[in-house]
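Student: Build the full structure now, drawing on both the sequences and the hints.
140 is the number that full-length UniProt numbering gives to position 140 of the sequence shown; each next residue is one higher, with no gaps.
If you are wondering where the hints come from, they were derived from the structure by calculation, not from laboratory data. A virtual CB, placed ideally from N, CA and C, is assigned to each residue, including glycine. Check the hints yourself; a few may be wrong.
Okay, derived cross-link-like pairs now, DSS-like style, lysine-lysine, Cα gap no bigger than 25 Å in a straight line [said to hold, decoys possible]:
{"id": "1", "residue 1": "128", "residue 2": "154"}
{"id": "2", "residue 1": "154", "residue 2": "199"}
{"id": "3", "residue 1": "176", "residue 2": "199"}
{"id": "4", "residue 1": "176", "residue 2": "121"}
{"id": "5", "residue 1": "154", "residue 2": "176"}
{"id": "6", "residue 1": "100", "residue 2": "121"}
{"id": "7", "residue 1": "128", "residue 2": "100"}
{"id": "8", "residue 1": "100", "residue 2": "154"}
With beta-carbon atoms standing in for the labels, derived distance ranges [to be verified]:
{"id": "9", "residue 1": "156", "residue 2": "222", "range": "31 to 37 Å"}
{"id": "10", "residue 1": "118", "residue 2": "180", "range": "17 to 23 Å"}
{"id": "11", "residue 1": "156", "residue 2": "66", "range": "28 to 34 Å"}
{"id": "12", "residue 1": "132", "residue 2": "259", "range": "28 to 34 Å"}
{"id": "13", "residue 1": "146", "residue 2": "2", "range": "34 to 40 Å"}
{"id": "14", "residue 1": "244", "residue 2": "90", "range": "39 to 45 Å"}
{"id": "15", "residue 1": "251", "residue 2": "93", "range": "40 to 46 Å"}
{"id": "16", "residue 1": "252", "residue 2": "26", "range": "40 to 46 Å"}
{"id": "17", "residue 1": "251", "residue 2": "68", "range": "33 to 39 Å"}
{"id": "18", "residue 1": "224", "residue 2": "133", "range": "16 to 22 Å"}
{"id": "19", "residue 1": "118", "residue 2": "176", "range": "20 to 26 Å"}
{"id": "20", "residue 1": "48", "residue 2": "117", "range": "41 to 47 Å"}
{"id": "21", "residue 1": "117", "residue 2": "93", "range": "23 to 29 Å"}
{"id": "22", "residue 1": "93", "residue 2": "239", "range": "40 to 46 Å"}
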Amino acid sequence: MTLPACPKIDCHIHVVDPVRFPYGADTPYRPTGQEIAPAAQLIRVFDAFDVRHALVVATNTGYGSDSRILLDTLRQGGGRFRGVAVVENDVELEELERLKVAGVIGVAFNVPFHGAEYYLKAAPLLEKLTRLGLFLQIQVEIDQLIPLLPLIEKSPVRLVFDHCGRPSIAQGLQGKAFQTLLAIGRERDAHVKLSGHYKFSQQPHPYEDARPFIAALVEAFTLDRCVWGSDYPFLRAPERLDYGPLLAVLTELFPDPGDQHRLLWRTPARLLGFDGGTDRTR
1 MTLPACPKID CHIHVVDPVR FPYGADTPYR PTGQEIAPAA QLIRVFDAFD
51 VRHALVVATN TGYGSDSRIL LDTLRQGGGR FRGVAVVEND VELEELERLK
101 VAGVIGVAFN VPFHGAEYYL KAAPLLEKLT RLGLFLQIQV EIDQLIPLLP
151 LIEKSPVRLV FDHCGRPSIA QGLQGKAFQT LLAIGRERDA HVKLSGHYKF
201 SQQPHPYEDA RPFIAALVEA FTLDRCVWGS DYPFLRAPER LDYGPLLAVL
251 TELFPDPGDQ HRLLWRTPAR LLGFDGGTDR TR
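Tutor: This is the structure:
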């Protein structure tokens with residue numbers, strides 16, 4: 001197993017700590033066991049794999065729009081992390097400004113969790129994000145991108161798509177939603193995370209049936225708008241996952257060290273605002 005040698009930025013991780021931050025009473029799922037990942041443990045994992053920075057994504061699971069654990073993690077990182085928040089659709093501009101000052105650079109739409117209809121009237125939120133220079137991070141699966149198109153096509157908000165768009169393996173590369181995502185990559189200044197393979201693959205690690213989709217995304221978005229995320233600590237994963245084997249998949253997908261550097265450092269540093277970061281190797 002060979003790991004990428006370059007310094008890394010992980011663009012999709014979660015912090016889960018029910019001891020310091022108890023779950024909301026109405027949460028439909030309560031992570032347990034190896035899904036528990038306090039910030040201190042996360043930092044130890046990152047130090048072991050030369051991950052210099054990360055994007056901490058708030059999770060609907062357990063916390064919803066309660067941003068306390070996200071903001072605490074950003075404080076513990078001391079500038080090492082940026083954040084993506086979960087907010088209510090009618091969140092006030094002042095609250096978004098407060099989150100931005102704390103290190104939040106985007107807001108998440110979790111369509112598999114809420115359904116597309118939940119977001120269809122969120123145009124005022126997109127206007128606020130655009131005004132503040134925050135991006136909209138969208139997680140969809142199978143065909144859920146299609147009903148969101150009227151909303152995002154009318155907005156200039158910056159877009160970041162989670163987990164390869166979670167396409168349908170059965171529909172293949174010609175699936176309508178996946179072709180729509182590819183078109184967005186060609187036509188708009190959007191980014192996509194080459195992450196979460198286990199969320200849509202029908203095969204175990206190393207997820208070989210996901211590779212044609214990844215290749216198509218790289219062609220449409222280019223490596224200047226593709227980033228990688230581990231999705232640590234792998235909430236609701238169907239099998240045991242570990243950080244190292246997920247990184248090792250990248251050396252198979254991108255054997256060229258220059259491509260690894262673009263995916264794992266140069267592009268995410270620009271997206272997350274770490275252009276003056278700690279990479280001293282290049």
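Student: Look at each hint and say if it fits the structure.
Tutor: Here is what the structure says about each hint:
A distance of roughly 14 Å separates the Cα atoms of residue 128 and residue 154; the hinted pair therefore holds under the 25 Å criterion. Only pairs whose Cα atoms come within 25 Å are accepted, and residue 154 paired with residue 199 is rejected, the gap being roughly 29 Å. Distance restraint check for residue 176 and residue 199: the Cα-Cα separation of roughly 19 Å lies within the 25 Å cut-off, and the hinted pair is therefore satisfied. Pair hint residue 176 plus residue 121 holds up; C-alpha atoms about 23 Å apart against a cutoff of 25 Å.
Restraint check for residue 154 and residue 176: satisfied, since their Cα atoms lie roughly 20 Å apart, inside the 25 Å limit. A distance of roughly 23 Å separates the Cα atoms of residue 100 and residue 121; the hinted pair therefore holds under the 25 Å criterion. For the given pair, residue 128 sits about 12 Å from residue 100 by alpha-carbon distance, which is consistent with the 25 Å threshold. Note on residue 100 and residue 154: the hinted pairing holds, with a Cα-Cα distance of about 24 Å set against a maximum of 25 Å.
Separation of residue 156 from residue 222 is about 20 Å and departs from the stated range, judged on CB atoms against 31 to 37 Å. Hint check: residue 118 to residue 180, Cβ distance near 20 Å, so the stated range 17 to 23 Å holds. The hint said 28 to 34 Å for the Cβ distance between residue 156 and residue 66, and at roughly 29 Å that hint holds. Range check, residue 132 to residue 259: about 33 Å between beta-carbon atoms, so the 28 to 34 Å window is met.
Distance hint for residue 146 and residue 2: a CB-CB separation of about 39 Å, consistent with the stated range 34 to 40 Å. At about 42 Å, the CB distance of residue 244 to residue 90 agrees with the hint of 39 to 45 Å. Roughly 44 Å separates the CB atoms of residue 251 and residue 93, a value that falls within the hinted 40 to 46 Å. Here the CB-CB span from residue 252 to residue 26 is close to 42 Å, well matched to the stated 40 to 46 Å.
Between residue 251 and residue 68 the Cβ separation comes to about 37 Å, which falls inside the hinted range of 33 to 39 Å. About 19 Å separates the C-beta atoms of residue 224 and residue 133, a value consistent with the hinted range of 16 to 22 Å. Here the CB-CB span from residue 118 to residue 176 is close to 21 Å, well matched to the stated 20 to 26 Å. The hinted range of 41 to 47 Å is satisfied by residue 48 and residue 117, whose Cβ atoms lie roughly 42 Å apart.
The beta-carbon spacing between residue 117 and residue 93, approximately 24 Å, falls within the hinted interval of 23 to 29 Å. Distance hint for residue 93 and residue 239: a CB-CB separation of about 42 Å, consistent with the stated range 40 to 46 Å.
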